[in-house]
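Number of protein chains: 2
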Amino acid sequence: MKEEFSFNFGGFSSRVFIRENLPSLDEVIPEKRRFLLVCDRNTEFLARKIASGSPLCVLPPGENAKEWAQVETILRCAREAGLGRDGVFIGLGGGVVTDLTAFAASVYMRGGSLRLVPTTLLAMADAALGGKTGFDLFGIKNLAGTFFPAETIYMCRQALDSLPETEWKSGMAEIIKTAIIDGEDFFSLVNSPSVKDNIMECVSRSAAVKGRIVEADPRETADSGNGGRALLNLGHTFGHALESALGLGRITHGEAVAWGTVRAAGLGKVLGITPPERAEAIGGVFKKYGYETAAPHPLLKDNTEFMKALEGDKKRKGGKPRFIVPAGQGAIQVYLEKGQEHLPEAIIRGSYS
Amino acid sequence: MKEEFSFNFGGFSSRVFIRENLPSLDEVIPEKRRFLLVCDRNTEFLARKIASGSPLCVLPPGENAKEWAQVETILRCAREAGLGRDGVFIGLGGGVVTDLTAFAASVYMRGGSLRLVPTTLLAMADAALGGKTGFDLFGIKNLAGTFFPAETIYMCRQALDSLPETEWKSGMAEIIKTAIIDGEDFFSLVNSPSVKDNIMECVSRSAAVKGRIVEADPRETADSGNGGRALLNLGHTFGHALESALGLGRITHGEAVAWGTVRAAGLGKVLGITPPERAEAIGGVFKKYGYETAAPHPLLKDNTEFMKALEGDKKRKGGKPRFIVPAGQGAIQVYLEKGQEHLPEAIIRGSYS
Numbered sequence: 250m251k252e253e254f255s256f257n258f259g260g261f262s263s264r265v266f267i268r269e270n271l272p273s274l275d276e277v278i279p280e281k282r283r284f285l286l287v288c289d290r291n292t293e294f295l296a297r298k299i300a301s302g303s304p305l306c307v308l309p310p311g312e313n314a315k316e317w318a319q320v321e322t323i324l325r326c327a328r329e330a331g332l333g334r335d336g337v338f339i340g341l342g343g344g345v346v347t348d349l350t351a352f353a354a355s356v357y358m359r360g361g362s363l364r365l366v367p368t369t370l371l372a373m374a375d376a377a378l379g380g381k382t383g384f385d386l387f388g389i390k391n392l393a394g395t396f397f398p399a400e401t402i403y404m405c406r407q408a409l410d411s412l413p414e415t416e417w418k419s420g421m422a423e424i425i426k427t428a429i430i431d432g433e434d435f436f437s438l439v440n441s442p443s444v445k446d447n448i449m450e451c452v453s454r455s456a457a458v459k460g461r462i463v464e465a466d467p468r469e470t471a472d473s474g475n476g477g478r479a480l481l482n483l484g485h486t487f488g489h490a491l492e493s494a495l496g497l498g499r500i501t502h503g504e505a506v507a508w509g510t511v512r513a514a515g516l517g518k519v520l521g522i523t524p525p526e527r528a529e530a531i532g533g534v535f536k537k538y539g540y541e542t543a544a545p546h547p548l549l550k551d552n553t554e555f556m557k558a559l560e561g562d563k564k565r566k567g568g569k570p571r572f573i574v575p576a577g578q579g580a581i582q583v584y585l586e587k588g589q590e591h592l593p594e595a596i597i598r599g600s601y602s
Numbered sequence: 250m251k252e253e254f255s256f257n258f259g260g261f262s263s264r265v266f267i268r269e270n271l272p273s274l275d276e277v278i279p280e281k282r283r284f285l286l287v288c289d290r291n292t293e294f295l296a297r298k299i300a301s302g303s304p305l306c307v308l309p310p311g312e313n314a315k316e317w318a319q320v321e322t323i324l325r326c327a328r329e330a331g332l333g334r335d336g337v338f339i340g341l342g343g344g345v346v347t348d349l350t351a352f353a354a355s356v357y358m359r360g361g362s363l364r365l366v367p368t369t370l371l372a373m374a375d376a377a378l379g380g381k382t383g384f385d386l387f388g389i390k391n392l393a394g395t396f397f398p399a400e401t402i403y404m405c406r407q408a409l410d411s412l413p414e415t416e417w418k419s420g421m422a423e424i425i426k427t428a429i430i431d432g433e434d435f436f437s438l439v440n441s442p443s444v445k446d447n448i449m450e451c452v453s454r455s456a457a458v459k460g461r462i463v464e465a466d467p468r469e470t471a472d473s474g475n476g477g478r479a480l481l482n483l484g485h486t487f488g489h490a491l492e493s494a495l496g497l498g499r500i501t502h503g504e505a506v507a508w509g510t511v512r513a514a515g516l517g518k519v520l521g522i523t524p525p526e527r528a529e530a531i532g533g534v535f536k537k538y539g540y541e542t543a544a545p546h547p548l549l550k551d552n553t554e555f556m557k558a559l560e561g562d563k564k565r566k567g568g569k570p571r572f573i574v575p576a577g578q579g580a581i582q583v584y585l586e587k588g589q590e591h592l593p594e595a596i597i598r599g600s601y602s
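Heads up: the protein sequence lines correspond to chains E and D, in order. For the first sequence, the positions run 250 to 602 when our numbering is used. For the second sequence, the positions run 250 to 602 when our numbering is used.
Honestly, the hints are just simulated from the structure, not real lab data. Predicted, not measured: the structure shown is a model, and the values here were computed from it. Each hint should be verified, as a subset may be incorrect.
Any copy, or any two copies together, can satisfy a pair, since identical chains are not distinguished.
Stated by the list, open to error - 25 Å max Cα-Cα, derived PhoX-like pairs, lysine-lysine: (1) K569 / K281; (2) K281 / K587; (3) K418 / K537; (4) K418 / K445; (5) K445 / K390; (6) K536 / K569; (7) K281 / K550; (8) K251 / K390; (9) K281 / K445; (10) K550 / K445; (11) K251 / K536.
With the hints as constraints, model all of the structure from the sequences given.
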């Protein structure tokens with residue numbers, strides 16, 4: 250298992266450490282600069298382990314807290330802690346904490362220093378790596394954000410000890426998604442019965458895949474070829490629309506991604522891109538982990554909101570609806586042509602199977 | 250006079266046009282993408298000339314409006330106008346409008362497209378060029394911001410037709426400051442009696458100087474040699490502290506910069522860096538334009554707030570107070586050594602002249 254990675258994301262260098270224990274404060278800030286440690290009430294006990302005597306910036310937990318008011322709280326704490334332009338922001342928590350801390354760091358005096366300690370499987374597999382920061386606005390996920398990769402990221406098995414079962418499940422969806430993008434080896438690993446024992450191996454492979462894709466297309470501007478960073482959105486076009494239509498917080502992000510990835514495989518099958526046996530295997534692995542994979546989704550009573558969210562999806566480019574779908578190997582991006590616009594709605598209705 | 254510049258600011262390309270008339274909408278957005286035109290109530294009439302039939306995002310005018318609530322207004326307007334990731338933000342106004350629009354553009358879906366039409370001399374000389382965006386928070390100027398250069402910037406003499414006299418004066422201070430950083434030629438131009446007739450020549454030279462400095466050090470990270478982008482802060486360390494101590498809005502930014510530049514020349518003289526005749530000439534040109542140049546400043550009753558603001562200045566690095574002072578030619582950065590820490594306060598008290 251690879252325990253250390255160095256990536257270059259559009260001029261920002263990011264180092265990732267896969268390890269057993271939480272880092273000490275000296276490891277996180279060897280240069281002993283002024284810092285602010287940001288956590289939420291769920292991760293406060295971990296934060297105290299790292300910086301027992303230091304003032305903490307403790308946010309309310311939950312996706313609902315991912316809003317400007319929390320960014321302002323972090324900025325106020327930073328100001329009160331006397332951080333200058335070279336001050337260090339440490340975000341310790343799930344994706345909400347890491348995204349908010351990273352956004353605040355990116356705008357504080359036009360950019361401080363950022364280090365992250367993701368404490369959920371989802372944040373390790375997704376939010377903490379790759380430089381996307383953001384918060385929700387007007388009910389839209391991450392409508393405001395920046396590109397600001399952390400300098401160092403510590404992914405520690407110890408942090409997962411206290412993780413609730415729902416959080417495991419949520420994180421696994423992103424890992425399975427990444428395995429689908431990667432290839433057979435990684436897919437077999439997530440499909441194996443002992444995955445919890447090998448979880449840091451999954452985290453490490455996931456970081457390798459995501460890091461490689463983001464290095465090649467840090468700001469998701471690639472628009473041709475195999476899709477660049479947009480590949481990581483496999484399952485997210487359908488998934489985000491589902492989250493939006495149900496209202497934020499009704500299902501976890503992982504559940505949305507799992508359901509969305511199965512839909513993407515369905516769309517790929519109809520388009521002749523995803524081999525039927527691969528679509529089957531993808532549905533199978535998500536079902537095995539207990540995800541809802543059926544179309545129509547049992548909680549979705551009305552497709553109007555869903556289709557509106559799908560059309561407003563910020564991943565759309567140049568008018569043609571774009572989707573990421575699994576291919577024979579890995580995943581590719583496709584644009585729907587004239588006459589295919591009805592397909593997404595047919596897919597979520599369950600008209601194809 | 251040079252009428253077109255192309256700069257590369259840390260990977261972002263910026264083109265500047267110095268011209269007579271406001272651009273048409275087709276000139277600003279030749280590719281006809283979705284856009285949002287942001288202005289304030291003072292520049293609304295100019296905005297209507299450019300985009301007569303389009304919805305505008307009209308902000309309240311004034312430095313007091315440079316806060317998150319206005320950023321949120323711009324983001325809401327952008328969302329309502331249906332801007333996607335490739336949407337274009339056009340900021341038309343003074344520095345508050347251009348800074349706010351640029352910040353909003355930089356965070357909208359993690360970065361839209363930005364074009365600026367500065368309408369004040371100050372915004373042409375300073376805010377619109379070079380990629381600094383921001384807004385005030387907790388009473389601190391630009392505490393939150395990003396680095397996000399505009400793709401195109403139109404500096405048009407026509408926009409200055411309706412500029413109030415106080416705005417001329419405010420802008421001239423930045424132009425004089427830039428001339429001091431540049432050299433004798435430019436300094437003679439701003440010292441000439443017909444400067445208003447040659448104002449676009451001044452704007453063009455100012456853009457050339459600022460662009461060159463920012464290209465060499467886009468994110469103000471240079472910390473050695475002649476000072477990099479920090480050189481542009483000539484007069485700003487003292488000036489910002491004065492603005493802070495008096496309370497935002499009591500004097501214009503230009504008045505603060507003028508007064509601060511004369512103080513910087515005074516500090517340089519005491520340190521043996523600024524030749525006495527140059528310090529004299531610098532004081533003279535600001536006086537000629539009607540700026541308050543005396544120390545102590547007649548509005549500043551108490552130095553405590555001033556010194557607190559000076560010490561909290563975000564331009565400080567690594568503990569040693571840093572100042573930009575005029576040299577025999579141009580300007581350089583200096584760090585105060587042990588035993589010199591009392592100098593700034595002595596300078597603002599007028600203990601040296």
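Against the structure, the hints come out as follows:
| no. | hint | verdict |
| --- | --- | --- |
| 1 | K569 / K281 | between (50 Å within a copy, 17 Å between copies) |
| 2 | K281 / K587 | between (59 Å within a copy, 23 Å between copies) |
| 3 | K418 / K537 | within (11 Å within a copy, 71 Å between copies) |
| 4 | K418 / K445 | within (11 Å within a copy, 68 Å between copies) |
| 5 | K445 / K390 | neither (30 Å within a copy, 49 Å between copies) |
| 6 | K536 / K569 | neither (31 Å within a copy, 61 Å between copies) |
| 7 | K281 / K550 | neither (54 Å within a copy, 38 Å between copies) |
| 8 | K251 / K390 | neither (33 Å within a copy, 45 Å between copies) |
| 9 | K281 / K445 | neither (36 Å within a copy, 52 Å between copies) |
| 10 | K550 / K445 | neither (35 Å within a copy, 67 Å between copies) |
| 11 | K251 / K536 | neither (29 Å within a copy, 66 Å between copies) |
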